[in-house]
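With the hints as your guide, set chains B and C onto chain P.
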Amino acid sequence: MKKRIKKLLSITLSACMILPVFSVSVVEAKPEKTIRVWYWEDNDGSYADAYDTWSEQYPDVNLELEAIPWNSYHDTLIAAAASGDLPDVYKIQPTWIPELRSLNAVAKLDEYIDSWEDKDTIPESMWESARAGQEETYAWPHSLVVLYLYCRKSYFEDAGLEYPKTMDEFYQACEALTKDTDGDGSTDIYGFSMRGARGGHFMWAGLTLNEGIDFFDDAGKVSLNTPEMVEANQKYLDIYQKGWAPKTAPTDGYTEIVQNFESGVTGMLVHHLNSAKEITEVLGDDVDVVALPEGAAGRYLPSEPCHWAVSANSESTEEAVNFLKYASGEEAHKELCKNAGLVPFVTPVTEDPEFTGDKFCAASMEYLDDVQIFPVVNTWGDWSETVWPQTIQRAMMGEIDSAEMIQILADNLARE
Amino acid sequence: MRQRKSIWTFYIPIVFFMVTVLFPFAWILLTSLKEKKEMFSAEFHFLPLEPTLNSYRELFEKTDFIHNMWNSLVVSFVTVLIAGIVSFMAGYALSRYRFKIRNGLMYFFLLLYLVPSTLLLIPLYTIFNKMGILHTQLCLIIAYSTYSIPYSVWLTTGFINQVPYELEEAAALDGCNLFQRMIRIVLPLLRPAMVASLSFIFITSWNEYTYANMFTNKDSRTVTVALSNFMSQYNIRWDLITAGGIIVVIPVVIMFVIVQKDLIAGLTAGGVKG
Amino acid sequence: MMKKKKFQYQPFILLAPAILIVILIIGYPVVRAVVLSLYKYDLTNLQGVKFVGLQNYIDIFTKDPAFWPAFKNTVIWVSVTVISQLLLSLLLANILNKFFIGRGIVRSVVLIPWVTPCVLISLMWAWIFNGNYGVMNEILQKLHLINENVAWIAQSNTALWIQILAMIWQGIPFFTIMILAAMQSVPRELYESASVDGASRIKQYFYITIPGIASTIVSTVMIRLIWVFNNVDIIYTMTGGGPGYSSLTLSVYTYLQAQKSMKFGYGSAVAIIGAVFMSIVIFIYLRITREQGGMIDK
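Protein chains in written order, with this note's numbering: chain P, 2 to 417; chain B, 445 to 718; chain C, 44 to 341.
Mixed in with the good hints there might be a few duds.
Said to hold, decoys possible - Cβ pair distances, simulated, as ranges:
hint : chain 1 : residue 1 : chain 2 : residue 2 : range
1    : C       : 66        : P       : 137       : 43 to 51 Å
2    : C       : 78        : B       : 545       : 23 to 31 Å
3    : B       : 505       : P       : 170       : 44 to 52 Å
4    : P       : 298       : C       : 126       : 50 to 58 Å
5    : B       : 467       : C       : 97        : 43 to 51 Å
6    : P       : 316       : B       : 491       : 56 to 64 Å
7    : P       : 105       : B       : 492       : 50 to 58 Å
8    : P       : 49        : C       : 327       : 53 to 61 Å
9    : P       : 137       : C       : 189       : 42 to 50 Å
10   : B       : 506       : C       : 331       : 51 to 59 Å
11   : B       : 467       : C       : 231       : 29 to 37 Å
12   : C       : 97        : B       : 698       : 22 to 30 Å
13   : C       : 63        : P       : 57        : 51 to 59 Å
As the list claims (entries may be wrong) - Derived DSSO-like pairs: lysine-lysine, alpha-carbon spacing no greater than 27 Å straight-line:
hint : chain 1 : residue 1 : chain 2 : residue 2
14   : B       : 506       : P       : 339
15   : P       : 236       : P       : 248
16   : C       : 185       : P       : 248
17   : C       : 115       : C       : 93
18   : P       : 166       : P       : 248
19   : P       : 326       : P       : 339
20   : P       : 222       : C       : 93
21   : P       : 34        : B       : 480
22   : C       : 303       : C       : 83
23   : B       : 662       : P       : 339
24   : C       : 106       : C       : 93
25   : P       : 335       : B       : 574
26   : P       : 109       : P       : 34
27   : P       : 339       : B       : 574
28   : B       : 480       : P       : 278
29   : P       : 360       : B       : 480
30   : B       : 506       : B       : 662
31   : B       : 574       : C       : 303
32   : P       : 109       : C       : 303
33   : P       : 120       : P       : 278
34   : P       : 180       : P       : 243
Simulated from the structure, these hints should not be mistaken for laboratory data. The structure presented is a predicted model; accordingly, all values stated were derived computationally and were not measured. We treat Cβ as the ideally placed atom computed from N, Cα and C, and that holds for glycine.
In isolation and in its complexed conformation, chain P is listed as follows (with noise of 0.2 Å):
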């Protein structure tokens, strides 16, 4: 019997429980008008606080932000792209944007854009950036953080060595670096924090492509596989091979990479502005910035833009470039920039001294005509992905040489 009424009083209870979900199920319908906004954060907070004058600017539009954590934002995206459910604007990488146009995810932005008064308040690189080799945009400019080289200040004083300028003063310091500071037979400390897991082709074309080589030629062939790029790779390998990096760089990650600089395992990091906050709270002063170093044709610094695209099926289009627009603005755009840690590039700000007097940021914007943007291919995403980080973890593990790594690189970047 006892058991009986329990299982009753469960069944109620659970019955009430429900209920409430049904009703919220029930879509309200809302008188004014609403622009959902999906974005990852950069740093916790930041686009909420950034975003609050939007309803007095616009009182009645309702802006309904809504962060999606970044582990599982392109799967949504995806998702909701195939099911119909993409809100009105979303933040996105450049190199999404084929398949989001293969799955007619994407409006066009070019009469938006064209009619725009404060259109040159963004440089031309930028509009370039988000065109990403198409024949329209069909993005917007949103945010930038361009790779530079981070230095443990009291290691480079210790081996009386000068920040690295060239490529050859980079590996030298790599090897200058690497020491056994406890004489027990093992190395302590390494030259190079080496990032062989997924996301590590940023700081690998940075030190590679830099001798002239790029992904394409301009007409549009596959231009990686050269025997300079054989052998720039090679060198760059050889960081590892000769023990200038720490023994789990092959699958070194993010974390691993700063959490290694961070806690004195390797004296030198490439990374950009984001990590910047986190890094002055544990090294304080004891880290300096530098740009990439030059090769034989000069500099190559990867950067990673963001940009915002506004969904196709969108029933608030106007709305929604509106707020492109007003994200865009001084006000907006610095707010952004200061809380998140990102470069800003819209004109007045580029010149306010919170930032050109911040060492990270001026290292991110002193040499902005050497950024580079990578190419916006069908295959960079299975390419970035999958095929770069399994490839080079073989190179640096012996299974295959440099010439051998190249070639797979340029077969899969090539294929269809």
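Showing chains B and C alone in chain P's frame:
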């Protein structure tokens, strides 16, 4: 059974297991008590130099973690209810009856699950979207019930197999119908097994990540997604993740301390023989 | 066993909810996956979708450099993990079955690995086995078992084993609880009469306990086989399948192909191959354990 506990087969294994289980957890606990800058400083300290409750404070005040836990609880409980009832009925049928497609059905329940859940993500997303229940707890409940049912059907069938049919025959002679036999005879004897099976369903739902990640939004987010959310593109909030990890585990363990007494039920209820 | 021979409707009514729910929610996606595996279906190129028949399968078996390593790893991953879990859990359940002070607490503590979210598990174990400042390296060095730090997760010969360890750690509570529950239903009188007859404890264990819990072991092992096979989270978060292909399993590979590279057709084909392989394994397993399990009739 009072036996002298031998060192080899008792004490050493127990210590070994406790250490293996608790050691990683101890790290999480200690890390959650550290100041942010201590977390990965140059010298490695196991114990926090200045223990602080900041991580917990931030977890409760600045994040939605409590709300997420509530979501997880609701989803898991309702899933347990639905899956429990459904699989009990199905398990009884498969255990007590023999019919032509019985074996086929048993295989069927399994083989459907060999297709990895990653392939089901987009179709399910579309289905739930069309049903209008995407981003609510309900779609997770449905997904989890569907996911747990085959396993618990198998387990329950196995357990019911171990309950001798003679008891039901005796009850049938006394005039019990099917329903009464199931509830009054089989179910009580199954208590330890059902507790195990239901806890299994509960924890599977509690821990599930892939579906929760895709099918929830801020309001309905569960705890596993919240935890993983503390790892953003360039940053891992060790303080929040470890604090959250402790908070997530403790209530479930306490709940289990209460419930595990049922696992000792043994032969007291009803009586199996004699 | 039932004696009635006429048609019984009861089982079908009892089974209806379970079957209905499963078919409605899972049926469509599974069929879709099978169908898609016969197409070249890349989300990045929806205009180029075309029917290719078995070409995906042929490519996987002959041209794909990642498939066979993943296959081999999957076999190792599943078999080692499940067998180790079974043996360790038998040991643990045996201990927890005895009466001692604080047993309730220990039983609940043992639950912890299973209740820990996957994210945390990966982080914990990645930290313990960290090549640069992980605790395992420190301990092993102090015990003079190794000379210098080993990069456990970055080496192709150890990466898979670290994951196996993490998986075993996570799965032991489940097995233990199931076995413990089953042990409770073995009648005590059997042990008592066996003692009276002079049987030693070990004999009692093998002739009374094991047969008594056989049915549970059979079903639990099988569930675990499927579960471990399907697991993606732990591997993906710890190593991403690397370095190279050394810790890649079929389920992780499916995820990489279908979600990350968005080659749905190809990914579905990989999944189907994995599913077929596991069904064969399970089919054989169930036939062999028919006697003990009593689940599938002769």
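These are the hints, each one checked on the structure:
In this structure the hint that residue 66 of chain C and residue 137 of chain P lie 43 to 51 Å apart at CB holds, the actual value being about 45 Å. Take residue 78 of chain C and residue 545 of chain B: their Cβ atoms lie about 25 Å apart, and the range 23 to 31 Å holds. Range check, residue 505 of chain B to residue 170 of chain P: about 48 Å between beta-carbon atoms, so the 44 to 52 Å window is met. At about 56 Å, the beta-carbon gap between residue 298 of chain P and residue 126 of chain C stays in the expected band of 50 to 58 Å.
Separation of residue 467 of chain B from residue 97 of chain C is about 50 Å and conforms to the stated range, judged on CB atoms against 43 to 51 Å. Under the hint 56 to 64 Å, the C-beta atoms of residue 316 of chain P and residue 491 of chain B, about 57 Å apart, fit the expected range. Checked against the hint of 50 to 58 Å, the pair residue 105 of chain P and residue 492 of chain B passes, with Cβ atoms roughly 53 Å apart. A beta carbon spacing of about 56 Å between residue 49 of chain P and residue 327 of chain C agrees with the range 53 to 61 Å that was offered as a hint.
Under the hint 42 to 50 Å, the C-beta atoms of residue 137 of chain P and residue 189 of chain C, about 59 Å apart, miss the expected range. Distance hint check for residue 506 of chain B and residue 331 of chain C: the Cβ-Cβ separation is about 55 Å, which falls inside the suggested range of 51 to 59 Å. Distance hint check: the CB atoms of residue 467 of chain B and residue 231 of chain C are about 36 Å apart, consistent with the given range 29 to 37 Å. Distance hint check: the CB atoms of residue 97 of chain C and residue 698 of chain B are about 54 Å apart, inconsistent with the given range 22 to 30 Å.
The given range of 51 to 59 Å is respected by residue 63 of chain C and residue 57 of chain P, whose C-beta atoms sit roughly 53 Å from each other. Pair hint residue 506 of chain B plus residue 339 of chain P holds up; C-alpha atoms about 20 Å apart against a cutoff of 27 Å. With a C-alpha separation of about 17 Å, the suggested pairing of residue 236 of chain P with residue 248 of chain P holds against the 27 Å cut-off. At most 27 Å may separate the alpha-carbon atoms for a hinted pair to count; residue 185 of chain C and residue 248 of chain P meet this at roughly 20 Å.
Between residue 115 of chain C and residue 93 of chain C the alpha-carbon distance is near 31 Å, which puts this suggested pair outside the 27 Å criterion. Note on residue 166 of chain P and residue 248 of chain P: the hinted pairing holds, with a Cα-Cα distance of about 26 Å set against a maximum of 27 Å. Straight-line distance between C-alpha atoms of residue 326 of chain P and residue 339 of chain P comes to about 19 Å, which keeps the hinted pair within the 27 Å bound. About 26 Å separates the Cα atoms of residue 222 of chain P and residue 93 of chain C, which keeps this hinted pair within 27 Å; it holds.
The straight-line distance between the Cα atoms of residue 34 of chain P and residue 480 of chain B is roughly 42 Å, outside the 27 Å bound, and the hint therefore fails. This hinted pair checks out: residue 303 of chain C and residue 83 of chain C have alpha carbons roughly 16 Å apart, not beyond 27 Å. Using a Cα cut-off of 27 Å, the hinted pair residue 662 of chain B and residue 339 of chain P holds, with the two alpha carbons roughly 25 Å apart. Only pairs whose Cα atoms come within 27 Å are accepted, and residue 106 of chain C paired with residue 93 of chain C is accepted, the gap being roughly 20 Å.
Restraint check for residue 335 of chain P and residue 574 of chain B: the C-alpha separation of about 40 Å exceeds 27 Å, so the hint is violated. Between the alpha carbons of residue 109 of chain P and residue 34 of chain P the distance comes to roughly 21 Å, so the proposed pair stays at or under 27 Å and holds. Simply put, residue 339 of chain P and residue 574 of chain B have alpha-carbon atoms about 41 Å apart, too far for the 27 Å limit, and the pair is violated. The hinted pair formed by residue 480 of chain B and residue 278 of chain P meets the criterion: a straight-line CA distance of about 13 Å does not exceed 27 Å.
Distance check on the hinted pair: residue 360 of chain P and residue 480 of chain B sit about 23 Å apart at the alpha-carbon level, within 27 Å; holds. Using a Cα cut-off of 27 Å, the hinted pair residue 506 of chain B and residue 662 of chain B holds, with the two alpha carbons roughly 14 Å apart. Between the alpha carbons of residue 574 of chain B and residue 303 of chain C the distance comes to roughly 25 Å, so the proposed pair stays at or under 27 Å and holds. For the proposed pair residue 109 of chain P and residue 303 of chain C, the alpha carbon gap of about 26 Å is at most 27 Å, so the pair holds.
Our distance criterion of 27 Å between C-alpha atoms is broken by residue 120 of chain P and residue 278 of chain P, whose separation comes to about 31 Å. The hinted pair formed by residue 180 of chain P and residue 243 of chain P meets the criterion: a straight-line CA distance of about 13 Å does not exceed 27 Å.
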